[in-house]
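This is what each chain is made of:
There are 2 protein chains.
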Amino acid sequence: MASAAIVVIGNEILSGKVVDTNSPYLCRELRGLGVDVRRVVVIPDEIDTIAREVRAASDAHDFVFTSGGVGPTHDDLTMDGVAKAFGVAIEVNDAVVARIERAVGEPANASQRKMASLPAGALLIDAGDLWFPVVVIGNVHVFPGIPELLQKKFDSIRSRFQGVPFVLRRVYVRSRESDIADHLNAVLEAYPELMLGSYPRIHESEYHVLLTLESRDADYLERALDALLTRLPAEAVHKVE
Amino acid sequence: MASAAIVVIGNEILSGKVVDTNSPYLCRELRGLGVDVRRVVVIPDEIDTIAREVRAASDAHDFVFTSGGVGPTHDDLTMDGVAKAFGVAIEVNDAVVARIERAVGEPANASQRKMASLPAGALLIDAGDLWFPVVVIGNVHVFPGIPELLQKKFDSIRSRFQGVPFVLRRVYVRSRESDIADHLNAVLEAYPELMLGSYPRIHESEYHVLLTLESRDADYLERALDALLTRLPAEAVHKVE
Numbered sequence: 001m002a003s004a005a006i007v008v009i010g011n012e013i014l015s016g017k018v019v020d021t022n023s024p025y026l027c028r029e030l031r032g033l034g035v036d037v038r039r040v041v042v043i044p045d046e047i048d049t050i051a052r053e054v055r056a057a058s059d060a061h062d063f064v065f066t067s068g069g070v071g072p073t074h075d076d077l078t079m080d081g082v083a084k085a086f087g088v089a090i091e092v093n094d095a096v097v098a099r100i101e102r103a104v105g106e107p108a109n110a111s112q113r114k115m116a117s118l119p120a121g122a123l124l125i126d127a128g129d130l131w132f133p134v135v136v137i138g139n140v141h142v143f144p145g146i147p148e149l150l151q152k153k154f155d156s157i158r159s160r161f162q163g164v165p166f167v168l169r170r171v172y173v174r175s176r177e178s179d180i181a182d183h184l185n186a187v188l189e190a191y192p193e194l195m196l197g198s199y200p201r202i203h204e205s206e207y208h209v210l211l212t213l214e215s216r217d218a219d220y221l222e223r224a225l226d227a228l229l230t231r232l233p234a235e236a237v238h239k240v241e
Numbered sequence: 001m002a003s004a005a006i007v008v009i010g011n012e013i014l015s016g017k018v019v020d021t022n023s024p025y026l027c028r029e030l031r032g033l034g035v036d037v038r039r040v041v042v043i044p045d046e047i048d049t050i051a052r053e054v055r056a057a058s059d060a061h062d063f064v065f066t067s068g069g070v071g072p073t074h075d076d077l078t079m080d081g082v083a084k085a086f087g088v089a090i091e092v093n094d095a096v097v098a099r100i101e102r103a104v105g106e107p108a109n110a111s112q113r114k115m116a117s118l119p120a121g122a123l124l125i126d127a128g129d130l131w132f133p134v135v136v137i138g139n140v141h142v143f144p145g146i147p148e149l150l151q152k153k154f155d156s157i158r159s160r161f162q163g164v165p166f167v168l169r170r171v172y173v174r175s176r177e178s179d180i181a182d183h184l185n186a187v188l189e190a191y192p193e194l195m196l197g198s199y200p201r202i203h204e205s206e207y208h209v210l211l212t213l214e215s216r217d218a219d220y221l222e223r224a225l226d227a228l229l230t231r232l233p234a235e236a237v238h239k240v241e
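Each protein sequence line maps, in turn, to chains A and B. Okay, so the first sequence: first residue is 1 according to our numbering, each after it adds one. Okay, so the second sequence: first residue is 1 according to our numbering, each after it adds one.
Wrong hints could be hidden among the right ones.
Copies of the same chain look alike in the list, so a pair counts if it works inside one copy or between any two.
As the list claims (entries may be wrong) - Derived DSSO-like pairs (lysine-lysine); straight-line CA-CA distance at most 27 Å:
| # | residue 1 | residue 2 |
| --- | --- | --- |
| 1 | Lys17 | Lys239 |
| 2 | Lys114 | Lys152 |
| 3 | Lys114 | Lys84 |
| 4 | Lys17 | Lys114 |
| 5 | Lys152 | Lys17 |
In case anyone wonders, no lab produced these hints; they're calculated from the structure.
Produce the complete structure using the sequences and hints provided.
Right under this line is the structure:
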């Protein structure tokens, strides 16, 4: 079972000026592929912080995804941080410079050469119709912060992450969460591998708790669902999906 | 200058089923109060992971805020994690049990007593009209995951975090980011304390880059803004706010 961590880099998110939509997107897509996202962290545009977080995430997980900090300005420090995480130098990549020059139609200026400066040994993967490739260092996939570009890039390499997907069932319950907690515990004792979520809903009129049951094993999931439905009073169950 | 970290706890966020709106809310509100949010981390419902992250956040920052994992079911492990972070026991709090019993009108059941089980020595702060108080352990403020409740609780104690607010100016620039990077670097050399953000916008027709300039010192900010506007070609500036 593959695990992943997402490292979101950007002062604009920590200061509340921009809402990060990239980590929700990646969580959803990776889950759909069967990858277990274990951690999301949002950190400032600082080389040492980026290096520390990327290193720790890379050591602990199969895949790491970074978002943000790859432009041409002073606050774009992700490449430097990732290079430091892996103890490699930053070098101007001639192939990327050539792509930039084709895209803008003139010789690259200093800022554009900065954008083409990558950790030594980086793997470059073509990303569909985008002129800038996906940059991969070790198990770290460096994505831009602009959501449209991040999504295009992820789409272009998503088959690299295909695993065994989760199967999900939902049970909508009319009871209060505290009235069904014992039933949930009993089901988990019998089905310890079940991923069981319990979420109170305060604005729904027809149910009070959404239960989510998940497993990569569809049979196991159905047996656990049966066990749960057997335990819950019939009148407590609003809907099963 | 006060710093803060936000620890979001919940498998439902990592698995992409729920989008976390609590950390964007807290980032925005804390920024408005002058608190510097330095880190947001989203982690699973696991006692050891919660304990480790809360401990590290508590050591490194003035304020820590947790979101989620405080209900009555098996996956509500935040109180256990926070207790472990501080090396204290979990104990049933009689005052909270009494509040629960007043709210539901009958003796608390086992699940409700679980909700009233708090780290020993926790400070309880009344939260307006909510029956469950804000729980504070050391510098860690434990909030529920339901956004309406989290916001009510934060509102009821926000005056505890009042600092010196940031002043923000915005410059909308028609040039490409790579064409103004040198100017930004020059301004930062003269005004090293300036917080300067540069954000490309690919869907705006009238400008291509949003620059944000921030400081707690309004005079310093205006001098830095003047220096920037002096450097940028007049035709490159679409708007200043």
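Structure-based check of each hint:
1. Lys17 / Lys239: between (39 Å within a copy, 18 Å between copies)
2. Lys114 / Lys152: within (22 Å within a copy, 46 Å between copies)
3. Lys114 / Lys84: So Lys114 and Lys84 pass the 27 Å test inside one copy only (16 Å; across, 45 Å).
4. Lys17 / Lys114: within (26 Å within a copy, 38 Å between copies)
5. Lys152 / Lys17: So Lys152 and Lys17 pass the 27 Å test inside a copy (24 Å) and across (22 Å) alike.
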